[in-house]
Amino acid sequence: MLPQTDYVKASSVAHALDMLHQYGTGAAILAGGTDLIVDMRERRREPTMLVDISSVEELAEIDVGTGNIRIGAGVTVAGLAGSAIVQHQLPLVTEVTRHFADYLTRNRATIGGNLANASPGADLVPPLLALNASVVLATAQGERTVDLNDFLVGPRRTLLLWNELVRAIHIPTPVPRGQAYEKLGLRTGGAIAVVSCAVSMDQAGGECRRVRIGLGAVAPRAFRSSEAEQIMEGHMFSSDIAARAAEAAANSSQPISDVRGSAEYRHAMVRALVERALHAAYERSSEPQE
Amino acid sequence: MTSTEARKQQYRVIGTRPIRHDGLDKVTGRARYGADIHLPGLLTGKVLRSPHAHARIRGIDASKALALPGVEAVVTAADFPIHEDMEIDLVETLGNLRVLAENIMASEKVLYRGHAVAAVAATSAAIAEEALGLIEVDYEVLPPVLNGPDAMDANSPRLHENMTTHSVAKRFERGTDTGVGSNIASHLQFKLGDPEAGFAEADVIVEREYTTSTVHQGYIEPHTATALWDFDGQVTLWSSSQGAFGMRAQTAAVLGIPESRVKAIPMEIGGGFGGKLNTYLDPVAAALSRETGKPVKITMDRAEVFIATGPTSATRSRIKLGAKKDGTLTAAWSELVYEAGAFPGSPVGAGASTGFAPYKIENILVDGYDVVVNKPKVAAYRAPGSPQAAFAIESAMSELAEKLGMDPIELRLKNVIRPGDRLPTGVPLLPTGCEEMEKAMRSHPHYNAPIEGPNRGRGVAVGFWGNAGNSSSATVSVTADGGVTLVTGSVDIGGTRASLAMQAAEVLGITAEDVRPSVGDTASVGWTGQTGGSRTTFSTGLAVVAAAEKVRDEMVKRAAILLETEPEKIEFDAGTFKNGAGKSLSFQEVAAAQVRTGGSITASASSNPRQVGPAFAGHIVDVEVDPETGKVEILRYTAFQDVGTAAHPSYVEGQIQGAVAQGVGWALNEEYVWSEDGRMENASFLDYRMPTTLDLPMIETVLIEEPNPAHPFGIRGVGEVCIVPPMAAIANAVANATGRRLTHLPMSPGRILEALERPATNGTGG
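In order, the protein sequence lines correspond to chains A and B.
The working numbering applies: residue 357 is where the first sequence begins, and numbers increase by one.
The working numbering applies: residue 10 is where the second sequence begins, and numbers increase by one.
Derived by calculation from the structure, the hints in this document are not laboratory data.
A few of these clues could be false.
Partner residues aside, some chain B positions facing chain A, computed with beta carbon under 10 Å [stated by the list, open to error]: (1) E573; (2) G639; (3) V682; (4) E690; (5) P700; (6) T702; (7) P758; (8) G759.
Distance condition first, Cα-Cα at most 20 Å in a straight line; then the derived SDA-like pairs of lysine to any residue [what the hints assert, rightly or not]: (9) B:K640 to A:K365; (10) B:K559 to B:G608; (11) B:K640 to A:R627; (12) B:K200 to B:V189; (13) B:K566 to B:G589; (14) B:K640 to A:G545; (15) B:K566 to B:S659; (16) B:K369 to B:P440; (17) B:K640 to A:A619; (18) B:K640 to A:R543; (19) B:K329 to B:D310; (20) B:K448 to B:V711; (21) B:K640 to A:A496; (22) B:K329 to B:H753; (23) B:K640 to A:H623; (24) B:K118 to B:P60; (25) B:K640 to A:I548; (26) B:K369 to B:F208; (27) B:K35 to B:S659; (28) B:K640 to A:S613; (29) A:K365 to A:A496; (30) B:K303 to B:D45.
Cβ atoms here follow ideal geometry from the backbone N, Cα and C, with glycine treated the same way.
Construct all of the structure, not just a fragment, from the sequences and the given hints.
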């Protein structure tokens, strides 16, 4: 049962920001609603005004800029999946869209919402961390850009202020060529991550460069395991070093026990998944240029 | 099979695959389900549920809720008649009226988290929900008991102060009562031969304990009920259930009014699997309507479906099998502990009578215990009780095969039950094709394909289900254009409009499309048992055939009038009436003349089968176990079943595939996760993980069509037995792949990994 609330359909980013300013902390941004509506049903959030940004066209664009790829916060997961730019340059993101919830949810859920909701298990976050993404936050007064890694503060907590809107996600280019994603759910369709992991890296003659390892569902927030990254960075790739990095990644996680798995199981799975992803990313980094 | 094929050629409609009559409405969203009902002045009802697994209700104060604008009524147990412990005849099942009423609305104690304690009717859902928060219930919280074996302990908290153990020593005989207070509601025992001597004769014995978790049917449509209590005392129900007559009987009994005062209108149903045989909401909606004078609709949300309806039993089974070196079973023992939930009535009896049924065993001892715990009262779930026992017994059979060095299908064939042999209940088996089915499994390409790759294995298992008969009613009426209308009392869950229309069409020599089937309400068709027990195509089919035969005979008389001859001289063939002298009339011509040849042509009939025709299923499955994550992937699945004559083969295959899908979930993923204080921690489809299409391979089916002698077309119930083998088959495949025998369901990734840390104990247990 949804609590009663007012509703406005924003016609532009400026309109949405104006409504946020006007209604203050009682306002909530409604994009796909796949998290917000559930929260409202469960009475975790009871906004007095819903500001619907799903029709704001400027938020639904993906384009290639100088030194980055810019993804509008309102792009849906299905939109990411169907984007030629994403398929060509960000195969890691295309990969995660195939494992993201189910088709119905993919058609509604947005990239901005997935980040702003800041669930520790949000599917898009580990890949975007591995791609060194930053988040563009807008207010009526202007914009600021923050690293995704800084944007996420804790479970369901971000740097987003009450009058701010996630406007876009920027991914610096060129992206590392070796990209790999592993998600362990307890079933294949409609699964919540028990552990998820994304790796990106380059290599030069077998030496690992720009290694980034994003982990989800094994700590209060999705995070990059700098311990594991440092083990790989600048070293020749080997099974042994991948196993050591995987072990470091597992030790850098702080998993909890819940209905989806025990802390011990998650810890073991971080090791297994990171090891698989490191091997896969390294192999892809070696693939010849087109 | 040649006899089957030859016989099937006699049929023009049976065995074909027409499009179901209700298909277009269902795929376009036009079909009307219970929640689609809207009536003038309709109020929304909501139910207040216990936050405690076990507590005494000291008082309920609804005054603040009643003061909220928009709230029109609040009801509690005080608004229902007081029922004593009394066996009532609900025609289909003997039920305890007090238990039925108490599960719908708690009076003195709440016995599970989710147990209803009050209900509100309000002008909007938001107001109703707000009102629930204003009802003050004073609870004295009591310690809960949350699993069967714990509850059997004499020192455990007791759910029902007056309950003693009823003991049923022999079938068909009323047993004694221990007179000792206990959570064990009943203890039943089946005994054949001399089990002790049988085990003494054995060369090889396997003995093991198995456990299963609470699982839910997972139907997609939540329960809903709408009721209108008219000023003249007539109650109308718009009901989402497996049978309008069952809802009528239960609602009337709980409300203490005559059944004839209640009219139940069946709506379309979005799945039931046994879980919608019992009512939870209809009497509550009716009581709220009585208080307000307005129609009231109550619809559960998904969490309520999980915590407040009837899942099936968590169980503990101890199994012991003894065999000679050549594989001949000498004795079998099982001790089955089934959780009933908060009130007596687990399906332990069915588990006890079905588990050993695929085998001819001289010496059997089965002990079954029906145990109450502080969880929702269990309800039927597809072959209720049989899958849990089969998981244990069929796992043990494959372990025995491995110990004997025998092929697991050979071991089963060596001991296969044949028609005329006595089932564990002592009843002789009717003609069924268990042996033919196992031979088909043995020679199938799946069973003979090599298992390639590491961490892969193959398992088999078989299962039995008795199927239900019971009475149904049907009315067939001829329309002037040469079609017929068919009204039955059977709610259509699995395509039975089509399978029943086909039987009428077969008798009348017309097409399935010429028959317009509909599901009647309780005022428009004779009493009909609920859709369950795999009975509808079989038993309602018998009523349809009988009614259609009466219509056919009347049509012959009318044709004789029109053709100016005697009815005995009319030859009826494929919808044409011939007078034997070169003149003939079509079905349409006779139908068009019905009024002037003697009035409208219509006939009703009821079924009352004395024999039913049980069913066997056997499954082969290949799995791959990921040794790092513990995840099990189903690589290949082939389901064999003696289906009798497959009336509509597509829907038979669909029943089998659906049951396997549920079985895969039961085997690998599904379980209620309980907190220590009895809260279900995963009451959503997100975390109660039923398999999706992405989790399943194509499920191949092999139909063995051994005609059922209890039906004129050889039709046999097919919908339930197919959920009996999957859990054991998958466990056997996992054992074959890993060398470890998993004895607990579900075999979730964490549990598989734990097992992999143990030393391997076997390698070929499939």
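*Was the hint right that G639 (chain B) lines chain A, CB cutoff 10 Å?*
Since chain A brings a Cβ to about 8 Å from G639 (chain B), closer than 10 Å, the hint holds.
*Within 20 Å, alpha carbon to alpha carbon, are K640 (chain B) and I548 (chain A)?*
Answer holds: K640 (chain B) to I548 (chain A) is near 15 Å, not above 20 Å.
*Straight-line Cα separation of K640 (chain B) and A619 (chain A) no greater than 20 Å?*
17 Å, holds
_Agreement of K640 (chain B) and G545 (chain A) with the hint, judged by alpha carbon distance not exceeding 20 Å_ = OK: K640 (chain B) and G545 (chain A) at ~14 Å, within 20 Å.
*K365 (chain A) paired with A496 (chain A) [C-alpha distance capped at 20 Å]*: 17 Å, holds
*Could you grab the alpha-carbon distance between K640 (chain B) and A496 (chain A) and see if it respects the 20 Å cut-off?*
Roughly 49 Å separates the two Cα atoms, so the pair is violated.
_Agreement of K369 (chain B) and P440 (chain B) with the hint, judged by alpha carbon distance not exceeding 20 Å_ = Holds - the C-alpha atoms of P440 (chain B) and K369 (chain B) are around 15 Å apart, at most 20 Å.
*Keeping to a limit of 20 Å between CA atoms, is the pair of K200 (chain B) and V189 (chain B) held or broken?*
24 Å, violated
*Quick one, are K118 (chain B) and P60 (chain B) close enough, alpha carbons at most 20 Å?*
12 Å, holds
*Is the hint on T702 (chain B) kept, meaning its closest Cβ partner in chain A is under 10 Å away?*
6 Å, holds
*Measure nothing beyond the straight line between the CA atoms of K566 (chain B) and G589 (chain B); if it is 20 Å or shorter, mark the hint as holding.*
15 Å, holds
*Hey, K329 (chain B) versus H753 (chain B), does the alpha-carbon distance stay inside 20 Å?*
17 Å, holds
Hints 1, 9, 12, 15, 19 and 21 from the earlier list are contradicted by this structure; the remaining hints agree with it.
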